[in-house]
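Colleague: Residues per chain, in single letters:
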Amino acid sequence: MSLGLAVWLAAVAGEDVATPVLVLGLVGALLTAVALVQPVLLGLALATSGAGYGILLAVDDPPLDVRAAGVAAALLIAGELVGWSRELATTTPDEPGGAWRRPVWIASVGIGALLLVWALLALVDLARVEGLAVEAVGAMCALAALLVARRLARGPQPSG
Amino acid sequence: MTRSADARLGAYAALAAAAFVAALALRRPELAVLAAPFALVVALGVRMPSPSLRAWVDIDRARALEGDEIEALVTVRADTAVDRVEIGLALPAGLELAEGVNPVALHLAAGEERELPLRVRCVRWMSTDVGEVWLRARDRTGLVRFEGRVDRRRPLRVYPAPERLRRLITPARTQVTTGSEVSPVRAEGLEFADTRPFVPGDRVRSVNWRATARRGSLVVNERHPERNADVVIFLDSFAEARATDQGTFEQAVRAAATLASRFLERRDRVGLVAFGGILRWLQPGGGLVQRYRLVDALLETGVEFSYAWKDVNIIPARTLPAGALVVALTPLLDERSVTALVDLRGRGHDLVVLEVSPEPYLEPPTDALERVALRLWRLQRAELRARFEGLGVAVATLDDQTTVEAALEGVTAYRRHARLVQR
Chain A
1 MSLGLAVWLA
11 AVAGEDVATP
21 VLVLGLVGAL
31 LTAVALVQPV
41 LLGLALATSG
51 AGYGILLAVD
61 DPPLDVRAAG
71 VAAALLIAGE
81 LVGWSRELAT
91 TTPDEPGGAW
101 RRPVWIASVG
111 IGALLLVWAL
121 LALVDLARVE
131 GLAVEAVGAM
141 CALAALLVAR
151 RLARGPQPSG
Chain B
1 MTRSADARLG
11 AYAALAAAAF
21 VAALALRRPE
31 LAVLAAPFAL
41 VVALGVRMPS
51 PSLRAWVDID
61 RARALEGDEI
71 EALVTVRADT
81 AVDRVEIGLA
91 LPAGLELAEG
101 VNPVALHLAA
111 GEERELPLRV
121 RCVRWMSTDV
131 GEVWLRARDR
141 TGLVRFEGRV
151 DRRRPLRVYP
161 APERLRRLIT
171 PARTQVTTGS
181 EVSPVRAEGL
191 EFADTRPFVP
201 GDRVRSVNWR
211 ATARRGSLVV
221 NERHPERNAD
231 VVIFLDSFAE
241 ARATDQGTFE
251 QAVRAAATLA
261 SRFLERRDRV
271 GLVAFGGILR
281 WLQPGGGLVQ
291 RYRLVDALLE
301 TGVEFSYAWK
311 DVNIIPARTL
321 PAGALVVALT
331 PLLDERSVTA
341 LVDLRGRGHD
351 LVVLEVSPEP
361 YLEPPTDALE
371 RVALRLWRLQ
381 RAELRARFEG
391 LGVAVATLDD
401 QTTVEAALEG
411 VTAYRRHARL
421 VQR
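Here the protein sequences line up with chains A and B, keeping their order. Sequential numbering from 1 applies to the first sequence in my numbering. Sequential numbering from 1 applies to the second sequence in my numbering.
Any given hint might turn out to be false.
[As the list claims (entries may be wrong)] Some chain A residues near chain B, calculated using beta-carbon distances under 7 Å: (1) P39; (2) V40; (3) L42; (4) G43; (5) L57; (6) A58; (7) D60; (8) G83; (9) T92; (10) A113; (11) V117; (12) L120; (13) V124.
Keep in mind that the hints were calculated from the coordinates and are not lab data. No residue lacks a Cβ here, since even glycine has one placed at the ideal position from N, Cα and C.
Let the hints inform the model, and build the full structure from the sequences given.
Modeller: Here is the structure:
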């Protein structure tokens with residue numbers, strides 16, 4: 001996953017920044033592999049893989065980069081796969097029918113990250129455009145805050 | 001339950017923090033947005049409350065024989081939902097899983113109770129406690145783990161499986177109560193001994209009419225009575241030779257249990273002296289209760305290191321009745337036990353030495369010097385055996401290839417031909 005991210009980012013980066021992005025990505029992929037046995041290096045591995053994307057953003061300076069969703073999902077899935085690999089390395093087998101839970105969770109996390117980042121990018125884009133949509137979102141947020149405050153003010157309901 | 005964090009927790013938190021800082025420094029909202037899923041997963045992970053789990057262990061019996069399989073039922077109940085809980089029944093050395101999955105990872109809903117049937121094989125004799133269950137739970141994110149231990153230990157005694165013995169050692173002297181051993185003395189019994197002239201008081205049924213007809217005067221039969229014997233098992237617990245999981249002491253205890261149960265089956269009275277760093281003894285007795293007492297005492301015995309010089313004087317006199325057959329199980333490694341055995345022989349006890357050979361546990365020699373040392377050591381041991389034989393003590397060797405029965409055959413052959421030396 002880290003290797004694929006490195007190649008993809010290098011492919012979409014401009015010519016002047018492709019090499020450092022690729023190098024950082026490869027180092028990140030290598031560190032991710034090492035993190036399978038030394039999990040303390042996982043943070044550094046993910047940060048190194050993500051640093052390539054940071055350089056890409058800083059140098060290419062696109063207006064609002066939607067590729068952040070893919071990068072976030074790829075990094076999160078890489079981290080979860082490292083965790084799963086370490087879990088599989090232990091000798092405790094899952095009960096029959098329970099082995100699918102972890103891959104399903106990892107896939108859900110990836111898809112969830114993708115959707116969350118897309119939604120947040122859409123919000124950022126709204127704020128950047130500064131049109132009537134921002135006012136509408138603001139109003140919805142205020143309404144939601146009021147509902148939450150009202151709910152909290154009522155306190156816990158007596159049971160029975 | 002103790003709480004610990006997975007490496008991913010720190011990694012995700014650090015990555016989210018770094019991405020937020022980079023977003024501020026580079027003025028790029030994409031980096032802040034990229035950090036959001038990581039921050040969300042961390043938030044979900046750390047809010048996991050400590051799971052409420054309870055576990056029980058049921059062992060179907062508290063006593064078993066070597067090689068037996070016992071049933072263990074591990075029951076776990078979750079009051080709160082747990083995405084994955086690993087459950088393992090801790091099996092002490094000497095017990096191995098025969099059937100079932102241990103440890104196993106389960107998904108438990110709130111209020112769910114699960115039973116994990118296990119079949120455990122008792123590989124070797126021991127006295128141990130079984131029932132310690134360890135639990136490791138995590139939520140769906142797996143960023144935080146909770147580990148705990150449930151102590152439901154109960155004692156389990158695994159008795160040595162007695163070997164089949166067709167014949168036991170015949171004691172030189174018997175006691176006065178009825179048993180299965182043909183006594184050398186002459187009295188009322190079944191085995192024919194001799195004939196002699198009739199004397200007043202002899203029963204008419206004892207008259208040998210054929211001999212009477214030949215001699216012309218009354219002749220009666222003399223018989224050997226069936227009596228029991230006192231047997232004391234002398235277990236040397238001063239020193240042992242051992243490899244990783246087997247040693248001379250294990251072999252000696254197994255042989256002692258075999259001998260004790262077989263002598264008791266023959267209605268003899270059997271006692272025990274565990275002579276070592278700690279002296280343990282059991283006065284001779286008979287019956288099933290004595291058998292359990294003996295085996296329990298054997299299981300409690302271990303090799304205790306000690307510098308203290310000990311001799312037979314510290315053994316209570318009633319533990320070694322006069323005329324008892326003493327069967328010593330010893331690796332002949334400690335001078336104190338050798339001296340004690342010589343003393344016992346000197347005091348007139350009918351002594352048999354079953355030498356539990358330490359040789360299978362020796363490292364093979366690697367150079368000429370070690371080979372010479374091994375030869376010298378073997379010569380010393382041969383001299384020691386000859387010393388015992390010179391005292392009229394039968395010495396047989398037990399090793400991993402020799403059964404107790406084969407060793408006893410050697411003892412019987414020696415005792416058939418050797419005369420006991422009276423000192």
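Colleague: For every hint, state whether the structure bears it out.
Modeller: Evaluated hints:
{"no.": "1", "hint": "P39", "in the structure": "holds, 3 Å"}
{"no.": "2", "hint": "V40", "in the structure": "holds, 6 Å"}
{"no.": "3", "hint": "L42", "in the structure": "holds, 4 Å"}
{"no.": "4", "hint": "G43", "in the structure": "holds, 3 Å"}
{"no.": "5", "hint": "L57", "in the structure": "holds, 5 Å"}
{"no.": "6", "hint": "A58", "in the structure": "holds, 5 Å"}
{"no.": "7", "hint": "D60", "in the structure": "violated, 11 Å"}
{"no.": "8", "hint": "G83", "in the structure": "holds, 5 Å"}
{"no.": "9", "hint": "T92", "in the structure": "holds, 5 Å"}
{"no.": "10", "hint": "A113", "in the structure": "holds, 4 Å"}
{"no.": "11", "hint": "V117", "in the structure": "holds, 5 Å"}
{"no.": "12", "hint": "L120", "in the structure": "holds, 4 Å"}
{"no.": "13", "hint": "V124", "in the structure": "holds, 5 Å"}
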